[in-house]
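Participant: Chain by chain, the residues:
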Amino acid sequence: MELNILDLNDYCLGSVLKYLELEDHVRFAQTCKRFEEVLRDWSPVLYPDFRVKRSHDTDPEEVKWQYQLLCILRDIIKRLYLDIHQEDGEAPLSIDDLVGQIKDMDSLEYIAINEGSMFGGLMLKSSTPRQQLIQKVLDALEFIPNIKSVSVSSKTDIYTACSLKRMNCLEKISIDNKISVDDLIEICKSNTNLRVLWIREVVGELSDIVPHCQNLEEISFPMFASHKSYARLADLPKLRKVIIKSTNSTSPCAKLIELFDAFAGKKQQTALESLMLFSFLDFDETSKLIQLTSLKELRCAFDDARCIELLTDLTELEGLYIMLGRSAAGSKECLNILRSCQKLQRLHINSNLSVEFTGKALEVLRNVRIPEKQKPLQLYSTGVMHLCNDEDEKLIDNAFCIVVNQSEYLRALPWRLPN
Amino acid sequence: MAVIKLLTSDNVIIETEMDLIMCSGTIKGMLESCSGDDEIVPLPKVRSAILTKILQWAQFHRYEFADTTAEEEAENVCGVISPWDSDFINVDMSTLVELIEVANFLNIQRLLQLACKTAANMIAGKTSEDMRKILNIKNDLTFSEEAVMRKESK
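Chains as they are written, first to last, in my numbering: chain A, 1 to 419; chain B, 1 to 154.
Hints were generated in silico from the structure; no laboratory data involved.
Computed from a predicted model, the values in this text were never measured in an experiment.
Hints may be right or wrong, so weigh each one.
[Claimed, not checked] So the derived label-pair ranges between C-beta atoms look like this:
1. A:366 - B:47: 48 to 58 Å
2. A:48 - B:87: 54 to 64 Å
3. B:29 - A:214: 51 to 61 Å
4. B:2 - A:366: 34 to 44 Å
5. A:406 - B:10: 21 to 31 Å
6. A:418 - B:29: 34 to 44 Å
7. B:29 - A:143: 26 to 36 Å
8. A:363 - B:2: 37 to 47 Å
9. B:130 - A:214: 56 to 66 Å
10. A:59 - B:86: 52 to 62 Å
Backbone N, C-alpha and C fix where the C-beta goes; we use that ideal spot for every residue, glycine too.
Working from the sequences, and respecting the hints, build out all of it.
Facilitator: This is the structure we're talking about:
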């Protein structure tokens with residue numbers, strides 16, 4: 001019996017697709033209907049983030065193939081990333097064609113728009129093709145029924161604000177440029193279900209948004225000297241996660257302490273359980289931080305290893321991620337954490353904790369943990385990474401502790417929202 | 001050395017060493033669920049000719065499987081095909097399709113990868129028309145559908 005490739009099931013055909021390039025995928029889909037269906041079925045695996053990239057060194061051919069693939073998958077793409085670095089000048093593809101496709105993306109839930117420029121903001125005029133493209137894409141978002149998440153990094157900040165104000169079903173927004181608090185309030189008012197807000201620079205008093213975003217669960221922002229206070233953020237009833245990208249005053253930072261106090265004062269009402277701090281904390285700041293005893297997740301940076309010792313009060317912690325200015329410290333303090341924070345599931349620290357530490361840690365863990373009821377502690381530390389060898393995870397004693405060789409929590413914060 | 005009997009779709013019984021066929025996730029699973037010794041494992045989807053060829057492949061690679069998990073193998077997407085493998089997989093289209101089918105059914109990830117990679121190499125960089133010729137498939141797109149694609153591809 002002669003077998004034909006069409007006799008294969010969709011899984012096997014998809015397994016062939018894994019070894020082909022983008023332009024082969026397009027031609028494959030154009031071969032026959034079955035192949036087109038298979039490519040569409042496999043697109044969430046092959047293109048979890050559909051990326052349209054245009055830069056001065058992008059091959060025009062590549063742009064063409066990207067566009068054709070977009071046409072084939074248009075109505076099923078859920079996540080789109082537009083990376084527009086293109087220098088102004090001749091475009092290999094008309095803006096209106098691309099925008100026309102985006103308008104028809106009925107399944108689109110997430111879009112990230114990145115406008116990079118080699119020249120910085122000064123050289124840009126709003127009439128350039130690149131900016132026209134971004135403006136038209138932002139306008140097109142209004143026509144997309146399922147869009148929930150928008151991330152924008154663009155010089156067209158006024159335009160961004162205008163179009164986000166016109167939308168009303170966004171749940172997640174990241175704005176990686178300057179925005180006025182008045183615009184932000186308008187955006188919050190129209191998008192009443194806003195749950196996640198990441199911002200970079202707010203002109204005006206950030207906490208003025210508080211009355212207008214009562215459904216907010218996560219906020220990410222840098223602290224600015226020009227802002228008076230952030231304490232009102234503690235009034236947000238659903239706020240679970242706070243990410244502070246930086247503080248621009250020297251420690252101890254009064255605004256930060258005030259914010260900790262505000263959350264501590266609302267202990268009964270607040271939903272706060274996750275705090276991600278990207279600037280260094282000193283001893284005084286940490287002493288205030290530990291009032292937040294309901295925290296389940298904490299990322300922080302210290303110069304002084306004694307601060308780690310203070311964290312032993314946070315007995316609800318499940319995830320703890322520490323950047324330490326001085327490496328090869330904190331071993332004794334970390335053991336104390338393991339003793340008191342018995343719910344801990346992840347301890348990540350960029351310190352050269354020794355192999356000796358893992359031995360002592362195991363001893364502690366054996367005393368305080370019940371392996372039948374608890375998953376093993378996930379440990380990341382630069383000093384014990386060689387225990388991982390080539391494998392992703394190496395067990396020291398799989399009932400109590402697993403060593404991992406990377407930590408997503410200790411990396412820099414991206415500008416566009418994750419899933 | 002433990003021996004296992006496999007019954008193929010064309011009613012041939014093939015005897016093979018147990019650890020050789022353990023590269024097949026499917027057979028491994030079947031053996032774990034049944035306890036009796038000297039049982040015959042029926043493989044109604046596998047012809048004896050293909051099984052023999054697969055055992056030949058398993059024999060050549062038998063000492064490589066020791067430490068790799070299925071997940072690690074699945075990640076090994078790129079990578080070159082070794083001369084032995086490329087000689088082994090140099091077969092007609094029908095046999096290649098059958099190898100993919102059976103490697104999938106028996107859950108032999110490395111063989112599935114090898115066969116799929118080979119199929120992919122045959123059509124990589126080819127036009128749709130060439131792909132149809134190589135794979136022997138008919139163009140069932142309507143004239144207007146193709147016209148749309150042409151237009152979009154400009």
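Participant: Against this structure, judge whether each hint is valid.
Facilitator: Each hint, compared with the structure:
no.	hint	in the structure
1	A:366 - B:47: 48 to 58 Å	holds, 55 Å
2	A:48 - B:87: 54 to 64 Å	violated, 36 Å
3	B:29 - A:214: 51 to 61 Å	holds, 52 Å
4	B:2 - A:366: 34 to 44 Å	holds, 39 Å
5	A:406 - B:10: 21 to 31 Å	violated, 50 Å
6	A:418 - B:29: 34 to 44 Å	holds, 36 Å
7	B:29 - A:143: 26 to 36 Å	violated, 49 Å
8	A:363 - B:2: 37 to 47 Å	holds, 42 Å
9	B:130 - A:214: 56 to 66 Å	holds, 60 Å
10	A:59 - B:86: 52 to 62 Å	violated, 30 Å
Comparing the model with each earlier hint shows violations of hints 2, 5, 7, 10; every other hint is respected.
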